[in-house]
Each structure stands twice: as structure tokens, then as C-alpha cells.
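Colleague: Each protein sequence line maps, in turn, to chains A and B.
Each residue of the first sequence is one higher than the one before, counting from 124 in my numbering.
Each residue of the second sequence is one higher than the one before, counting from 124 in my numbering.
Since the hints were made in silico from the structure, they are not lab data.
Incorrect hints may have been included.
[Said to hold, decoys possible] Straight-line distance between alpha carbons at most 27 Å, and here's what the computed DSSO-like set of lysine-lysine pairs gives:
| no. | chain 1 | residue 1 | chain 2 | residue 2 |
| --- | --- | --- | --- | --- |
| 1 | A | K216 | B | K190 |
| 2 | A | K216 | B | K430 |
| 3 | B | K190 | B | K167 |
| 4 | B | K216 | A | K190 |
| 5 | B | K447 | B | K430 |
| 6 | B | K430 | B | K167 |
| 7 | B | K190 | B | K216 |
| 8 | B | K174 | B | K145 |
| 9 | A | K308 | A | K167 |
What follows is each chain in one-letter form.
Protein chains: 2
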Amino acid sequence: MHILLTGAAGMIGRKLTARLVKNGELNGQPIERLTLTDIVAPEKPAGFFGKVETIAADMPAPGIGQKLVAHRPDTIFHLAGVVSAEAELEFEKGYRVNLDGTRALLDAVRAIGDGYRPRVIYTSSCAVFGAPFPLAIPDEFHLTPLTSYGTQKAMCELLLADYTRRGILDGVGLRLPAICVRPGKPNKAASGFFSGIIREPLAGKEALLPVPEATLHTHASPRAAASYLIHAAGLTREQLGARINLTMPGVCCTVAEQIEALRRIAGDAVTARIRREPDELVARIVAGWPHRFDARRALALGFRPEKTFDEIIRIHIEEDLGGKIAA
Amino acid sequence: MHILLTGAAGMIGRKLTARLVKNGELNGQPIERLTLTDIVAPEKPAGFFGKVETIAADMPAPGIGQKLVAHRPDTIFHLAGVVSAEAELEFEKGYRVNLDGTRALLDAVRAIGDGYRPRVIYTSSCAVFGAPFPLAIPDEFHLTPLTSYGTQKAMCELLLADYTRRGILDGVGLRLPAICVRPGKPNKAASGFFSGIIREPLAGKEALLPVPEATLHTHASPRAAASYLIHAAGLTREQLGARINLTMPGVCCTVAEQIEALRRIAGDAVTARIRREPDELVARIVAGWPHRFDARRALALGFRPEKTFDEIIRIHIEEDLGGKIAA
Numbered sequence: 124m125h126i127l128l129t130g131a132a133g134m135i136g137r138k139l140t141a142r143l144v145k146n147g148e149l150n151g152q153p154i155e156r157l158t159l160t161d162i163v164a165p166e167k168p169a170g171f172f173g174k175v176e177t178i179a180a181d182m183p184a185p186g187i188g189q190k191l192v193a194h195r196p197d198t199i200f201h202l203a204g205v206v207s208a209e210a211e212l213e214f215e216k217g218y219r220v221n222l223d224g225t226r227a228l229l230d231a232v233r234a235i236g237d238g239y240r241p242r243v244i245y246t247s248s249c250a251v252f253g254a255p256f257p258l259a260i261p262d263e264f265h266l267t268p269l270t271s272y273g274t275q276k277a278m279c280e281l282l283l284a285d286y287t288r289r290g291i292l293d294g295v296g297l298r299l300p301a302i303c304v305r306p307g308k309p310n311k312a313a314s315g316f317f318s319g320i321i322r323e324p325l326a327g328k329e330a331l332l333p334v335p336e337a338t339l340h341t342h343a344s345p346r347a348a349a350s351y352l353i354h355a356a357g358l359t360r361e362q363l364g365a366r367i368n369l370t371m372p373g374v375c376c377t378v379a380e381q382i383e384a385l386r387r388i389a390g391d392a393v394t395a396r397i398r399r400e401p402d403e404l405v406a407r408i409v410a411g412w413p414h415r416f417d418a419r420r421a422l423a424l425g426f427r428p429e430k431t432f433d434e435i436i437r438i439h440i441e442e443d444l445g446g447k448i449a450a
Numbered sequence: 124m125h126i127l128l129t130g131a132a133g134m135i136g137r138k139l140t141a142r143l144v145k146n147g148e149l150n151g152q153p154i155e156r157l158t159l160t161d162i163v164a165p166e167k168p169a170g171f172f173g174k175v176e177t178i179a180a181d182m183p184a185p186g187i188g189q190k191l192v193a194h195r196p197d198t199i200f201h202l203a204g205v206v207s208a209e210a211e212l213e214f215e216k217g218y219r220v221n222l223d224g225t226r227a228l229l230d231a232v233r234a235i236g237d238g239y240r241p242r243v244i245y246t247s248s249c250a251v252f253g254a255p256f257p258l259a260i261p262d263e264f265h266l267t268p269l270t271s272y273g274t275q276k277a278m279c280e281l282l283l284a285d286y287t288r289r290g291i292l293d294g295v296g297l298r299l300p301a302i303c304v305r306p307g308k309p310n311k312a313a314s315g316f317f318s319g320i321i322r323e324p325l326a327g328k329e330a331l332l333p334v335p336e337a338t339l340h341t342h343a344s345p346r347a348a349a350s351y352l353i354h355a356a357g358l359t360r361e362q363l364g365a366r367i368n369l370t371m372p373g374v375c376c377t378v379a380e381q382i383e384a385l386r387r388i389a390g391d392a393v394t395a396r397i398r399r400e401p402d403e404l405v406a407r408i409v410a411g412w413p414h415r416f417d418a419r420r421a422l423a424l425g426f427r428p429e430k431t432f433d434e435i436i437r438i439h440i441e442e443d444l445g446g447k448i449a450a
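Please model the complete structure; the sequences and the hints are all you need to start from.
Modeller: Given below as C-alpha cells:
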């Protein structure tokens, strides 16, 4: 099994790499080779005994797609892309990386053309949906994104489905919910506080809460995201049918419920580090996002979300804090 | 008012040009200039006293988009594209013309960038929908096309919506139903018989019917298509809202009802020229198409379909046969 992973230096890319290395196999086949790429060269994973190649590459640049698939990876996890805020601020860069980069990769697979037909797992996003929403967004809700990022993701979902239908590759697209708890530093993304109000207090720091506590959102841990990607790699074409782009499930809860979960796990002293500082702009942006998904198809196909937000916090403490909380 | 029309040499392009020239105005503004383009140079329309430029152009080729919008058309009717069967047979050509060509045009508008913001009317297609279908496809049915053509149209709908949201242009996409009666010679499109069984008998020729008479389909005349495009040019942004891609209404009827309408208008001798010759492949292809639309938004926005299939036949006799039927 040879696996190509794009966006390997990103947060989910690193978690997925670690999981693949730890598992040593995918779909029951030993992993013999990893090709890891990103705009900067990803780190070589420790403890992997197969062949590893790390490539710093700008995916839409001429010849890069061909270079990445030259050794015919059996499975391609395509995670590379610029994030939502960046795609909104930098119009051309967003289309170039998120649309043209994906197309370059798919066309490089097509160019081989001698029956080579890898499984391609594409990370899409719930940003493909746009308000107004029903109470819970069903699997067959139409795609009317309200950001350039969501537009690019929806366009790539369509490409992936057409390339799959034509037998060029064997695709599956996963619309990931918001990932929580994101490790690392606070960032300026409007969604940053969903992780911030958990991560910062657990590290002994103050966190700002810009939205009302009644704000509803759907979350999945980085571990769940990696599990989803691995599970998707094992689905058969018969299971997927013609509609290969799937909304992933998550834990839907209010900010108040997030804070209560944090209190149960870490106590009042930790939740006291959350400071309410209403920000109307952030509140308005967040109100326009999808809150809740009725991800029946994914559940029927065996994708397993966390059961509670407590579980999401515990995964963060275990994976990113070495089990330790700042009292 | 300066109008740019791409795909101007095609059937709908020619009908639309004739209508614009006859009307002499669009949205109450006199038409002073027409720029007509297609892969072959369109004919100069007779009886137009403004400035006309006809351009033979390959839209996705470098510099062509810029050339087409250099004189800042106020309204752009973007009809150019390769048809469904061709896009399916010629993968690269389909994506190049239908996706890259449209993107080149939109990006040329964007490149002007000094507040220029034309109304862009894009001809999409009901091929953006893919089976399984409900009995009638609602406005908000999700886009899961089952052809490369439908994929390209759906991708361009997304682009148009994003460019509109960002204020680069003022777009509206129309998903046209099957156009009937198509004038001209029989073609090899699987849908060709829907027009053929009307057009050929009226011209004194035999027509083959490859599908059961119970086959249901939705039709609009070429005249209705031109009316839809003109009506779309006059809609306001407030009327359209964020969801700018609209399913157009049509006359939904069975093949048996088409034939009965022909009998009412032209008599038994004409309908006797239809020969049943079942073709399982065609029947299977047609069965996978959308049959019926619940096009509420378009109706509420004032798009007016024909009321009966009889009306569609009479328009063909009037526009394409000079009022004469072969007895």
C-alpha cells in the first residue's frame, strides 16, 4: 500500500500521518510507502519503517500533480488547501490552490490513463452549505455556499463525482464539521473561539467568548477527523453509490454545554478563565453558519462521531496536553 | 445599452439576437451596440441600426475573454458551450469550453475592476440534476449531475453565484428545460426525437419514435427560451436574493400527449408519419433524465412558460415553417 497525503504539514495531516504510521496498515494492507506533501516540506514521521518521501510543492504549479502521482499511490488523501478566511481575502489564491490544485491532481491521475484508478479521499467542508437552513441539514440539502472557500469545495465535490463516474478514479468526499479542540495558538478565524474557550483555560490562559452561550455548533475532534478519513478509504463503490460526497457527523451542542463539559472535567477555576466579550461581527458571521447536520448516510456507512463534548475535551487533554491540565 | 452575446451562432443565440433586434430595447433602454461571438463568426443581424461587431472566438483561449468585454457590455448573455453528448465524448474539450471558457469570461470582467459590474445571464441546464428524482424536482433539489456536461454547468452556477456575491458582476443562471421544437436537421442526441416526432412529420418526412408513449418530459419552445433570457436581464438583485440560479418552467407532458397535440393541429395524415421503433439504449438514457420540475421561484419571478404543447407546435409552425404544414 502506497499512500499519498497532500496537506500533510497541516493539523489534520499530521494527526492522520501519525495514525497511519501507528496502524501500519490501511484496509488490511501493510503501508509500504508514504508520500507526504505540502507547501512546506512535511516532517518525516518517526517510527515508520517503510519508504517515505516528503515533498514541498505548490500543487497547481505545472508538473506537480504528475510528480505526486508518478509512483502510483493506491490511496490519496487530498487535504491540501487554503482555509476559509484566506480564500475570502485572497480571491485568486483561493481559486488557484483550492480549485486548480485539486483539478491538477485529478488530471494527473487521468493522464496516467492505463487503468490506474486510486481511491481519492477529498476533504470538503460544511461550508458548501449556505443559509437559510432547516433545523438540521439533511444529506441531500442543496449546495449554495456563501463563501469563496465553500464555492471551491463544492466545485471540487462535483469534479470528484464526475471523475469517479467516468472511472478515472475512485473518489469519496467528506464534509468535515468544525474541528475542536484545535491545538496550537489562537488564530483570527471567526470560529477560533470554539476551540479557544477549551484550549486556553486548560493551559492556564484567559479565553475570550465573543458570542452568546446559546450559540449552537457541531464539532468533531481531530482524532475523529483522522478516523473518518481512514474509514472512508475502506468503503466500497457499492456502499457509496453515485452520491459520493458525504456530510460527516459530529457532536452538536451549545457554547453553554461546551463550558459545562469543561467544568465537569477541569473544574470551576478553569472555566473562570473564560471572559465574555461580545463581538457583534463574530456573532453575525457564526449565526450564518450551519449549526446541525442530519448525517444519516455517514452514520449508516459506519462513520462514528464522539458521543459527547466531554469526550472531545478528553481527547484534547490526552493527545495535545500529555494528560495534564493547568490547575 | 451594449449587449454581448456568446454562442450567438447557435439556435437559441440566433433566436435571441432576432428578438433583441426586433425589440430594439432591453429593460427600457435602447440597444445601441451588439457584440456577437461564437466559435464561428455569427451572421450580422438584418435590420439593426446600431453598432454590431461579430467575432469568431475560442472563449478559453488567452486574451479572448478580455477582448469580448473590452468595450464594457452592460448585459452579457453567455450561451456558448459544447452540448451534452459532445462533453461526454470529449472530456477535455467539455471542461475546456464549458468550464474554462466561462471562467475566462468572468475573470475578464473581474480584471476590469473599476466598478464595472455587468448583468450576466448564464444558460445552465436541467442536466445539473441527477437521478434518483422526486416526482417533481423542487427549486432547492441538490445538484448531483450524472454527466460531465451537467457537472460543468453546476460548477459554473457556483462560480456565477460567488462572483455575484463578491460584487464582481450581477449574475443570474437559468436552467433551461429541453427546447422543443428544435428547427433544422435530425441530430444524434438521445433527446432528438422529442423534436423530431413533431418537426419531421410537419415537413412531410417520417420520424422514428424510440421510447414508449408514456415517456414524460418537460419542454419549452425556442421562443420561450429567448423570452426567459430577456426576462432574466430585467430582474433586480433584490428579487433574486442570494440564490441566483433558477430552474425554468416548461410544459410537462407525455410523448402520447405530444402526438395528440400534433394530431389536433395537423391531422392524422401527419401523425401517421411517426414510426415506432423502440431503442432500449435511448429509452434507458431518457429514463434517467429529470421529467418534471416544480419551478415555483421562476413562476413567482414572472417567467412564463407555454400553457400547452399545442402552443409549442404552433410557435414552430409560425417561426420556422412560415405558417405552412406539409399535408
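Colleague: Against each hint, give a clear statement of whether it holds in the structure.
Modeller: Verification of the hints:
1. A hinted pair counts as satisfied when its Cα atoms are at most 27 Å apart, and K216 (chain A) with K190 (chain B) qualifies at roughly 24 Å.
2. A distance of roughly 48 Å separates the Cα atoms of K216 (chain A) and K430 (chain B); the hinted pair therefore is violated under the 27 Å criterion.
3. With a C-alpha separation of about 19 Å, the suggested pair K190 (chain B) and K167 (chain B) falls inside the 27 Å cut-off, and the hint holds.
4. Restraint check: the Cα-Cα separation between K216 (chain B) and K190 (chain A) comes to about 24 Å, which is no more than 27 Å; the hinted pair holds.
5. Of the supplied pair hints, the one linking K447 (chain B) and K430 (chain B) holds, its CA atoms being roughly 22 Å apart against a limit of 27 Å.
6. For the suggested pair K430 (chain B) and K167 (chain B), the alpha carbons sit about 33 Å apart, so the restraint of at most 27 Å is broken.
7. Simply put, K190 (chain B) and K216 (chain B) have alpha-carbon atoms about 21 Å apart, close enough for the 27 Å limit, and the pair holds.
8. Between K174 (chain B) and K145 (chain B) the CA atoms are separated by roughly 15 Å; this keeps the pair inside 27 Å, and the hint holds.
9. For the proposed pair K308 (chain A) and K167 (chain A), the alpha carbon gap of about 23 Å is at most 27 Å, so the pair holds.
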